[in-house]
Amino acid sequence: MKQAIWLSYDLGVRGDYEGLYAWLDKHQAKECGDNIAHFIYDYTDSLRDDLKADLAQAVQLDKRSRLYVIYQNSDTQTIKGTFLFGGRKASPWLGFADATEEQTDDGA
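All residue numbers for the sequence shown refer to the working numbering, where the first residue is 719 and numbers rise by one.
What the hints contain is simulated information worked out from the structure, not anything from laboratory work. For every residue, glycine included, the Cβ atom is placed at its ideal position computed from N, Cα and C. Please note that a few of the clues may not be correct.
Computed list of lysine to aspartate or glutamate pairs in DMTMM-like fashion (alpha-carbon distance at most 25 Å, straight line) [claimed, not checked]:
| no. | residue 1 | residue 2 |
| --- | --- | --- |
| 1 | Lys770 | Asp780 |
| 2 | Lys720 | Asp767 |
| 3 | Lys744 | Asp728 |
| 4 | Lys748 | Asp760 |
| 5 | Lys798 | Asp816 |
| 6 | Lys807 | Asp767 |
| 7 | Lys744 | Asp768 |
| 8 | Lys807 | Glu749 |
| 9 | Lys770 | Asp760 |
| 10 | Lys748 | Asp728 |
| 11 | Lys720 | Asp763 |
| 12 | Lys807 | Asp734 |
| 13 | Lys748 | Asp768 |
| 14 | Lys720 | Asp793 |
| 15 | Lys770 | Glu749 |
| 16 | Lys744 | Asp780 |
| 17 | Lys798 | Asp743 |
| 18 | Lys748 | Asp734 |
| 19 | Lys798 | Asp728 |
| 20 | Lys798 | Glu749 |
| 21 | Lys770 | Asp734 |
| 22 | Lys770 | Asp743 |
| 23 | Lys748 | Asp772 |
| 24 | Lys807 | Asp752 |
| 25 | Lys798 | Asp772 |
| 26 | Lys770 | Asp728 |
| 27 | Lys720 | Asp772 |
| 28 | Lys781 | Asp768 |
| 29 | Lys781 | Asp728 |
| 30 | Lys798 | Asp767 |
| 31 | Lys798 | Asp768 |
| 32 | Lys770 | Asp816 |
| 33 | Lys744 | Asp760 |
| 34 | Lys744 | Asp767 |
Ranges between beta-carbon positions, derived for each pair [unchecked claim]:
| no. | residue 1 | residue 2 | range |
| --- | --- | --- | --- |
| 35 | Asp816 | Ser764 | 39 to 47 Å |
| 36 | Asp768 | Trp811 | 32 to 40 Å |
| 37 | Gln790 | Ala815 | 29 to 37 Å |
| 38 | Phe814 | His745 | 33 to 41 Å |
| 39 | Asp780 | Lys748 | 23 to 31 Å |
| 40 | Gln775 | Arg806 | 21 to 29 Å |
Go ahead and model the full structure; you've got the sequences and the hints to work with.
The structure is reproduced here in structure tokens:
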């Protein structure tokens, strides 16, 4: 089966970008901004499992590597996103919003 995929990647400063870029080139991926690629992925069994195994074989990953995949679930037609490797970090924009609550004086 074939599936459109968006892959977000963060391999850190010493990451295997050559391995990842070779893999993305092999899959004719299109650049979609900083660390985002789009491509059509051909899989046989489970999209997530096949993609994870394929990337693990082609790219040297370590504990700092983060790969996040976004795709449309073929059963429910909903957009799904999941980490193949790594996990979520604290957002760099955390604390930038004005979080003050509006207070009303009651005149007392």
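Comparing the hints with the structure gives:
| no. | hint | result |
| --- | --- | --- |
| 1 | Lys770 <-> Asp780 | holds, 14 Å |
| 2 | Lys720 <-> Asp767 | holds, 14 Å |
| 3 | Lys744 <-> Asp728 | holds, 19 Å |
| 4 | Lys748 <-> Asp760 | holds, 16 Å |
| 5 | Lys798 <-> Asp816 | violated, 30 Å |
| 6 | Lys807 <-> Asp767 | holds, 23 Å |
| 7 | Lys744 <-> Asp768 | holds, 16 Å |
| 8 | Lys807 <-> Glu749 | holds, 23 Å |
| 9 | Lys770 <-> Asp760 | holds, 13 Å |
| 10 | Lys748 <-> Asp728 | holds, 17 Å |
| 11 | Lys720 <-> Asp763 | holds, 11 Å |
| 12 | Lys807 <-> Asp734 | holds, 20 Å |
| 13 | Lys748 <-> Asp768 | holds, 20 Å |
| 14 | Lys720 <-> Asp793 | holds, 14 Å |
| 15 | Lys770 <-> Glu749 | holds, 20 Å |
| 16 | Lys744 <-> Asp780 | holds, 22 Å |
| 17 | Lys798 <-> Asp743 | holds, 24 Å |
| 18 | Lys748 <-> Asp734 | holds, 19 Å |
| 19 | Lys798 <-> Asp728 | holds, 19 Å |
| 20 | Lys798 <-> Glu749 | holds, 20 Å |
| 21 | Lys770 <-> Asp734 | holds, 16 Å |
| 22 | Lys770 <-> Asp743 | holds, 17 Å |
| 23 | Lys748 <-> Asp772 | holds, 18 Å |
| 24 | Lys807 <-> Asp752 | holds, 17 Å |
| 25 | Lys798 <-> Asp772 | holds, 19 Å |
| 26 | Lys770 <-> Asp728 | holds, 15 Å |
| 27 | Lys720 <-> Asp772 | holds, 15 Å |
| 28 | Lys781 <-> Asp768 | holds, 20 Å |
| 29 | Lys781 <-> Asp728 | holds, 11 Å |
| 30 | Lys798 <-> Asp767 | holds, 15 Å |
| 31 | Lys798 <-> Asp768 | holds, 16 Å |
| 32 | Lys770 <-> Asp816 | violated, 39 Å |
| 33 | Lys744 <-> Asp760 | holds, 12 Å |
| 34 | Lys744 <-> Asp767 | holds, 19 Å |
| 35 | Asp816 <-> Ser764: 39 to 47 Å | holds, 44 Å |
| 36 | Asp768 <-> Trp811: 32 to 40 Å | holds, 34 Å |
| 37 | Gln790 <-> Ala815: 29 to 37 Å | holds, 30 Å |
| 38 | Phe814 <-> His745: 33 to 41 Å | holds, 36 Å |
| 39 | Asp780 <-> Lys748: 23 to 31 Å | holds, 27 Å |
| 40 | Gln775 <-> Arg806: 21 to 29 Å | holds, 25 Å |
The structure fails hints 5, 32 (numbered hints given earlier, in ascending order).
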